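As a plain string of letters, each chain reads:
There are 2 protein chains.
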Amino acid sequence: MVVGSMLHINGKPTVHFSCKSNHDRPSYIPKPTAVKMTTITTTTITTAPSILQPYWASLQADIEAHLKHVMPYKDPLVVFEPMHHLVFSAPRTTVPALCLAAGELLSGDRHQAMAAASALVLLLAANHTHEQIPSKPKPMSRPKSNTMSFRAFSPGIELMTGDGLIPFGFELLSRSCDSVQENSDRVLRVIIEISRAVGSKGLIDAQYKKKLLSESDGGESCHVERIMDIMEKNEGGLHACGASCGAVLGGGSEEEIERLRKFGFYVGMIQGMVNEGFWEEVEVVKDLAFKELQYFKDNNRDVDAISSFIIHV
Amino acid sequence: MVVGSMLHINGKPTVHFSCKSNHDRPSYIPKPTAVKMTTITTTTITTAPSILQPYWASLQADIEAHLKHVMPYKDPLVVFEPMHHLVFSAPRTTVPALCLAAGELLSGDRHQAMAAASALVLLLAANHTHEQIPSKPKPMSRPKSNTMSFRAFSPGIELMTGDGLIPFGFELLSRSCDSVQENSDRVLRVIIEISRAVGSKGLIDAQYKKKLLSESDGGESCHVERIMDIMEKNEGGLHACGASCGAVLGGGSEEEIERLRKFGFYVGMIQGMVNEGFWEEVEVVKDLAFKELQYFKDNNRDVDAISSFIIHV
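Residue numbers (this note's numbering), protein chains in the order written: chain A, 1 to 313; chain B, 1 to 313.
Treat the hints loosely; a few may be bogus.
Any copy will do: because identical chains look the same in the list, a pair fits if it lies in one copy or spans two.
Subject to a maximum C-alpha distance of 35 Å in a straight line, what follows is the list of computed DSBU-like cross-link-like pairs (lysine-lysine) [stated by the list, open to error]:
#1 K262 / K74
#2 K297 / K74
#3 K291 / K74
#4 K68 / K209
#5 K262 / K209
#6 K211 / K297
#7 K297 / K209
#8 K297 / K286
#9 K286 / K201
#10 K211 / K68
#11 K201 / K68
#12 K262 / K68
#13 K74 / K209
#14 K291 / K201
#15 K211 / K201
#16 K286 / K262
#17 K209 / K286
Worth flagging that the hints you see were computed from the coordinates, not collected in a lab.
Note that this is a predicted model, so its numbers are computed, not measured.
Only chain A is shown next, with the shape it has when bound in the complex (with noise of 0.2 Å):
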């Protein structure tokens, strides 16, 4: 790792150090203690790899063809309209995804863990929604393309709509519940699970510290050690808890559903560093992630699929 190397910000290099250590943070992830001349974005969201894997495309088609089902488009346009469209329009991640394929790899059914991905994708789009609010009203336009580069709807609607989106992806959450299965206790779990990786101890706390980082003046020398925090929060909390929520619905055991926990961490950390340009800690990373998956493996599971959520980063 190179030390005390340049940081830019707004295009002026500057060094940069870690200065206090976090009690919070996991050991077994390495710590950059500094950025290697890359341009900090404070603004970057969870997206999916710029590559598109075959696994995890079909999975992504999978969940938005279920929601698109669970979510007819339909009267009253006036609220379905904006549903749709922020859903669909939102940037895509890797967590309801991941969800899915963590719930594949325990119970061998791609669509065990659909309620809970499902909810996933609305919880994030709703967050989304939210953080493109802006301050000042800007012009509207209408959408013409997939994208969220404009403002297809007036801030006021897209308030709503996300306040709109959040119960229901807990509603169909708790409308998964199967008494046949009789999952309603892991059902629960994974309301939990979720509640806190979006929650204000999770990405609302990610999205504070952001806009904070953001507005500083590039002065400190914590920028290093701040933006891991955040990462932590953001991309690997919410990866924890896609793999995680994945891993309670398929059935899990609990060392099962801890060790899919930390593989969802490093392919969020992992993705979060790509960003970022931490490069050699990404290659650590990389190998806690395979120790995680060399446990199901020794158990006969089949850890292909899976693996394509780190190999192909």
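Fit chain B to the supplied structure of chain A, relying on the hints for placement.
Below, chain B alone, put in the same frame as chain A:
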């Protein structure tokens, strides 16, 4: 009922008639055909009755004490200070107290439905917080009293805090699952009830329609119909949800749950009608509410306490 009487909007008296039928409206609710000499306030929210009856106040105090216990004022204060402020300064409604009251009526234990009542407080506070976010930034000031007539936090913080409160409400509910009582199915049912009541087809829909109504020019003749439609999802729907959730967690049978849902709906409609000056209809709905309570009285339940929700309005 007076048909075609005076409706004051923006100080200008006009005559209004209902102009369409609402097939979704329960037939047992009388629909005012016109509003009598009263100023319609489309910005009314569901608030507690002006007379704080001892029973309601006592239930509310218990819920707030519970919330302070599960949501302690702790570090990071940057997260918990706005959470506390926005939860405890939001307008109090009778919805959570009615939830506890319904649970107490059936189980004899006032705290049986505490998780649902607390979740309702959090979700309604989040909704109120988001509703107050201005479309244009306003000057901030520090909190001086227990009201929301000023902006204590920036819109960005209010948006994020609201987004944190919603999953926390669902987390509280999910965590309340009791392995001794084996009530996970009932908790999941409550999550569905609450999700629907506060979601796109419930409260959010009512707020959207309220927004449209407040922006209309007053030249239409459908105001009463539209006000009733909003009231049924806002005051009516939320109280129906509160009472039914209390009944579910109180161990109620399907008959008891549905009767308490209707009772809650009437409680909410009475409050809404009082706010709008639909006085004649209030008495009709009170009778309907008492009829639902009669069922419980006939089954040797003590309905004195819960009946205070309609007696003192």
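Consistency of the hints with the structure:
| no. | hint | in the structure |
| --- | --- | --- |
| 1 | K262 / K74 | between (40 Å within a copy, 28 Å between copies) |
| 2 | K297 / K74 | neither (45 Å within a copy, 43 Å between copies) |
| 3 | K291 / K74 | neither (47 Å within a copy, 37 Å between copies) |
| 4 | K68 / K209 | both (34 Å within a copy, 25 Å between copies) |
| 5 | K262 / K209 | within (23 Å within a copy, 45 Å between copies) |
| 6 | K211 / K297 | neither (41 Å within a copy, 56 Å between copies) |
| 7 | K297 / K209 | neither (38 Å within a copy, 55 Å between copies) |
| 8 | K297 / K286 | within (16 Å within a copy, 66 Å between copies) |
| 9 | K286 / K201 | within (26 Å within a copy, 44 Å between copies) |
| 10 | K211 / K68 | both (33 Å within a copy, 28 Å between copies) |
| 11 | K201 / K68 | both (31 Å within a copy, 17 Å between copies) |
| 12 | K262 / K68 | both (31 Å within a copy, 33 Å between copies) |
| 13 | K74 / K209 | between (39 Å within a copy, 18 Å between copies) |
| 14 | K291 / K201 | within (28 Å within a copy, 46 Å between copies) |
| 15 | K211 / K201 | both (15 Å within a copy, 33 Å between copies) |
| 16 | K286 / K262 | within (12 Å within a copy, 57 Å between copies) |
| 17 | K209 / K286 | within (26 Å within a copy, 51 Å between copies) |
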